[in-house]
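Protein chains in written order, with my numbering: chain X, 40 to 344; chain R, 40 to 344; chain G, 40 to 344; chain U, 40 to 344; chain Z, 40 to 344.
Errors might be hidden in some of the hints.
Said to hold, decoys possible - Ranges between beta-carbon positions, derived for each pair:
#1 P328/Z x E189/U: 52 to 60 angstroms
#2 E197/X x E163/Z: 48 to 56 angstroms
#3 M40/X x S45/R: 39 to 47 angstroms
These are computed hints drawn from the structure, not numbers from a lab. Yeah, the Cβ is synthetic: ideal placement off N, Cα and C, and Gly gets one too.
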Amino acid sequence: MNKTISDILSWYKSENPGTIKNLYRMLASGRLGGTGKMVILPVDQGFEHGPARSFAPNPEGYDPVYHAALAVEADLNAHAAPLGSMEVVAPEFAGQIPLILKANNHDVLDKSTDPVPAFTASVEDAVRLGCTAIGFTIYPGSIHFKQMYEEVGEMILEAKREGLVAVVWSYPRGSNISKAGETAVDIIAYSAQIAAQLGAHIIKVKPPTDHIELEEAKKVYDKYRIPINTLAERVRHIVQSAFAGKRIVIFSGGAAKGKEEVFEEIRQLNAGGAFGSIIGRNSFQRPKPEALKFLDEILGIYEGK
Amino acid sequence: MNKTISDILSWYKSENPGTIKNLYRMLASGRLGGTGKMVILPVDQGFEHGPARSFAPNPEGYDPVYHAALAVEADLNAHAAPLGSMEVVAPEFAGQIPLILKANNHDVLDKSTDPVPAFTASVEDAVRLGCTAIGFTIYPGSIHFKQMYEEVGEMILEAKREGLVAVVWSYPRGSNISKAGETAVDIIAYSAQIAAQLGAHIIKVKPPTDHIELEEAKKVYDKYRIPINTLAERVRHIVQSAFAGKRIVIFSGGAAKGKEEVFEEIRQLNAGGAFGSIIGRNSFQRPKPEALKFLDEILGIYEGK
Amino acid sequence: MNKTISDILSWYKSENPGTIKNLYRMLASGRLGGTGKMVILPVDQGFEHGPARSFAPNPEGYDPVYHAALAVEADLNAHAAPLGSMEVVAPEFAGQIPLILKANNHDVLDKSTDPVPAFTASVEDAVRLGCTAIGFTIYPGSIHFKQMYEEVGEMILEAKREGLVAVVWSYPRGSNISKAGETAVDIIAYSAQIAAQLGAHIIKVKPPTDHIELEEAKKVYDKYRIPINTLAERVRHIVQSAFAGKRIVIFSGGAAKGKEEVFEEIRQLNAGGAFGSIIGRNSFQRPKPEALKFLDEILGIYEGK
Amino acid sequence: MNKTISDILSWYKSENPGTIKNLYRMLASGRLGGTGKMVILPVDQGFEHGPARSFAPNPEGYDPVYHAALAVEADLNAHAAPLGSMEVVAPEFAGQIPLILKANNHDVLDKSTDPVPAFTASVEDAVRLGCTAIGFTIYPGSIHFKQMYEEVGEMILEAKREGLVAVVWSYPRGSNISKAGETAVDIIAYSAQIAAQLGAHIIKVKPPTDHIELEEAKKVYDKYRIPINTLAERVRHIVQSAFAGKRIVIFSGGAAKGKEEVFEEIRQLNAGGAFGSIIGRNSFQRPKPEALKFLDEILGIYEGK
Amino acid sequence: MNKTISDILSWYKSENPGTIKNLYRMLASGRLGGTGKMVILPVDQGFEHGPARSFAPNPEGYDPVYHAALAVEADLNAHAAPLGSMEVVAPEFAGQIPLILKANNHDVLDKSTDPVPAFTASVEDAVRLGCTAIGFTIYPGSIHFKQMYEEVGEMILEAKREGLVAVVWSYPRGSNISKAGETAVDIIAYSAQIAAQLGAHIIKVKPPTDHIELEEAKKVYDKYRIPINTLAERVRHIVQSAFAGKRIVIFSGGAAKGKEEVFEEIRQLNAGGAFGSIIGRNSFQRPKPEALKFLDEILGIYEGK
């Protein structure tokens, strides 16, 4: 087995060979296969933000097949989507690229400060649809943390029984933190730690800013001079916060922005030791040829080119 | 197999042949059989609005048999009703016309801004009664979205195991949206997307107005000049929002109005690519001969006459 | 998706996407990936014939890891083994090559004319070990056919729920047939049909002789002049007997023999439209470099070289 | 069996031999094995306080393996950690040192006066990971006492069925008590009693101050001249409050402070009849050689040196 | 972790950390702890042969406590016994020495040529009694092989879920083999292979004679000149037959004989690479001081003294 992959798998020895196999498939698939890096195309925005906001910029995206095909053509590691989309794409794509069933979702009609995502799919769905992984969102900082951690924790255990990989989108949000706190370096580090402790195999967080949200944390960052000036430094700290780098931590790109900005961000992520990126709107909202070129550039960065 | 039907069925390849068969029966039944269009007679108003409000205009309607017989006589694709009605009609009609068991219902005694429908029947009921499909209402925009999506999601999975078709009435409602928002084009599009993501095979929504409820959505409709001036244009957008037309989306008629208004509305629905209509009060509250003539006209529109 | 693979998968539309995915993986893996042909390394002889008879010719074979590594190095489509061997190899190889858990086995201590294999593993084992498929032996011609068909049938159904591929070794044997009947062309054809009817996705049979076992069958073969003179002709008949070629039928090589004999046999199998070979002793009982060369030649035949 | 251990085990005769065995393992392990004393290394601060605050002082601690190795090297009785950390360390350390799965946790993002910890692991997790015990926090003094006591009580019962030891961190907190009350001698005594009544086998409390929180309690402490002047006296009272010393009560050290202070505190704990200490930050936040020396000194105190 | 132990544990990577922990405990316990060797005291003869035949030679043995205490005093790796005995000894000894619940048993009242042991205990019993392992007898060569392999296979899977070690006593017996065949080298090798394939972690067989039972096997032993002249050579072959030494194979002593004979036999076992011995009657039927001296000598042999 490829040394890089086998080193990564050695961090997950508690899992049965079924889960190890699926983690292997994600690490071995696509152009980054074998590098220990991952680029994933997630498309849950239809549910999370509504269809027009998500797909009007590139109307081909109304069709779930477009996204799975884009992920395959761009030679990514995996594609993530909610139940209905997965039902459309799984019969054709389940063997071609690892699929991640996004099992809870939240819609923007709910404007609560402290939202709780609804489960829209189950472990049984992931099994019948041939998915490699199942994914969940948690919102650290929400007053509903107990309910969310418990519901997701139980699903993760069930997923492990079935040999699935568990992916956690750990997105700080809620009345326990400020708006700036949602991307504060201490909070993102904390969110990575919480997801890791809940048993996640792969953790997705946002790129952190140099803001520090918690007073008590600030003292520590100052006293121990934890380097957080550059994004690369902050990413290094986040990865360290997920068991000293023994959990796969990948980063989202957030709202669409200029390509050069994205590439520079990803150079920093890579420099900081990120395991990869999960890039949704920034890719699927561009016309396909442009999206492919855009993703090609990103894969190149992670290949160290 | 009829090409139109087999094209539609190709969008549902995740399902087992049991579900495919039942979807086929709905698409192949009645006068519209084979056209890819559907007209369904739903009668849950006895529960939803009370018997007198529903049936006094045409007292024959107090008897559930009246409705099933009307649907058969009008040569529609299917008939939907709650448990008790279904228990009355299934022994005679289950073989003659596809039956949809409406499995959750809400009564007007509850005047909550954020209602949650009660499950009044189960998948087991649908099976024992020989139903072809099972139907559920969800209210996107309700603060109880999590409970509703999860309950309905679990029932849909169970229905699929049993080879039933899952129909979702996706009716925006609740304190997260305004009254106008209940039929706003962005919200109806969003509701169709949500139902599709929950795994619905057939989605029923209301005809959308040109109101746009969400600020963030408005920007996108404007920027990308999504055509929403005519009802046909809006319908086209709704259908697109349910997986680029890969889910069957049908439209309700809403409160009774003049016949001509209804026919014009249905011409627009058809022009916009709607898969059909679900017409309750507007048909069963008329005397039978009139209702039959009324439905005959509607079927004619969908036949492209 | 590769056209050859998607044509094959189109024969299995009853299955959920989980099973389709795993069938895809088997058809897409290894050097024959995408050709619609399969060569599989099965190693259950330790259990079936005892360890010395199986592994003394090439003692490296006492270690289950040897076989999985051989299958990977030879770039085959899959590797099959019983539970204990699978427990040894799955943690390292489950992601690298599709694994088939051989779930029932028989030992030669039992010399019954009508043996019944014992279940030595379960569907749960296949899931926790990350297997792609689960395999079973049946003995058409045994007086215990009812018990065997029923037990295997139940396991196949359970396997399909979990998205596994079901492989059936259909080996005529028992007091209902003669010794010559075990490889008679009518009986092998019959065994392929029975396995297909039990719900198998992949069927393994022995290359048939031109003997015809059953009197009634003989009349038909004669009357309709079914061509069975060459092995290629007989193979074509066997494949036809499994739903006109709509089930994957592969052929075993049987006891070790001269290499040239094997190659000639496989040329005939390929000419007759066999989907591939399952080659155990003939490969793993040779020293590794020789085995690799031997398998390379066989893969070449199926590649049409 | 060692007399001291068998005396202690005699207090737990209700439990099945599985639980007795695991309690034995905790009492027999490490340098204090057989003395009836315990020193445990708990590391849940990554979840409870965030990673930087916990591990920046000694960055090796970002890796869960560091802590398990430290506990083994220091020859302690057990190591406690949340699910994710346990998944990292269990495959290597489960046999070497008793592991306690910390099954509920709370993060400092939640600043409620009356927090409720979230369950982040289950009894099934403890079993599959080879843990010896499972641990829970309760907050006596919280308005949510009912929910917490009931949830933890159910898990304790389930743990006992599986032969696990149940450890309860009984930490007074919430709007029913004052800040000073969190360590008041009457409240700590009360918390020990409550944990014992919930079925805990091992109870962890904070060292009590001489403050008395409750008016009614104060009268009694005065009237009966319960000695609470020295920490040793107060510890004696706490131990007495947990069934006259028939439950293992151990004490936490709280926030890091000077070494000499800690040693003096532990001398008092030992003098008062404490069964041991649970020492987290004070050990793992020091460099390893210093931590080992620090723990060596503490073990020496409990050995009566 | 001790290198010898971690090498052995690396062969069992499919198992969860619970099972790994218990295997570790067996390999780390007693005087042979850490050597990779095991001596186990099994006492199921009261059930298997009747009490007087078993215990009259040393009447202290009527009391189950005697045996557990002997195993502890002799510093062995583990003690095995049926349910009732275990219920007597577990409360005191479960923590002191790994216990193996012998879960199926056969009594001599049944004189069938083809006996089937009865299950006298369950996995739940092993859990509640704090056992480290659960043990089963199978009789390869029996006409009831199917029933036995299936029953034991299911219990092994259940044991693994609970983190227990599975020990299989693989004792050839039944009308498919001759009396001499019960200890024939080919049959013992075969029995070790079968137990390994059923998922056993530890396999117990009898020391093989140089008799070869099966005609087909004999040809192979001759052709490949498998060395089987000395017991050491035969043992090496048996160990090889259990996955090239990747499963722990231990040997019973059989009926009581002279001490020197036993020691010589164990020297041969050790020379042949056996992982240890399981010694019942030969130890517990001697007076305790003699038994201890006897076991001390045996442990010395495995220590290489």
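Going down the list of hints, with the structure as the test:
1. P328/Z x E189/U: 52 to 60 angstroms: holds (56 angstroms)
2. E197/X x E163/Z: 48 to 56 angstroms: Violated: the Cβ-Cβ distance is about 22 angstroms, outside 48 to 56 angstroms.
3. M40/X x S45/R: 39 to 47 angstroms: The hinted range 39 to 47 angstroms holds for M40/X and S45/R, with Cβ atoms some 44 angstroms apart.
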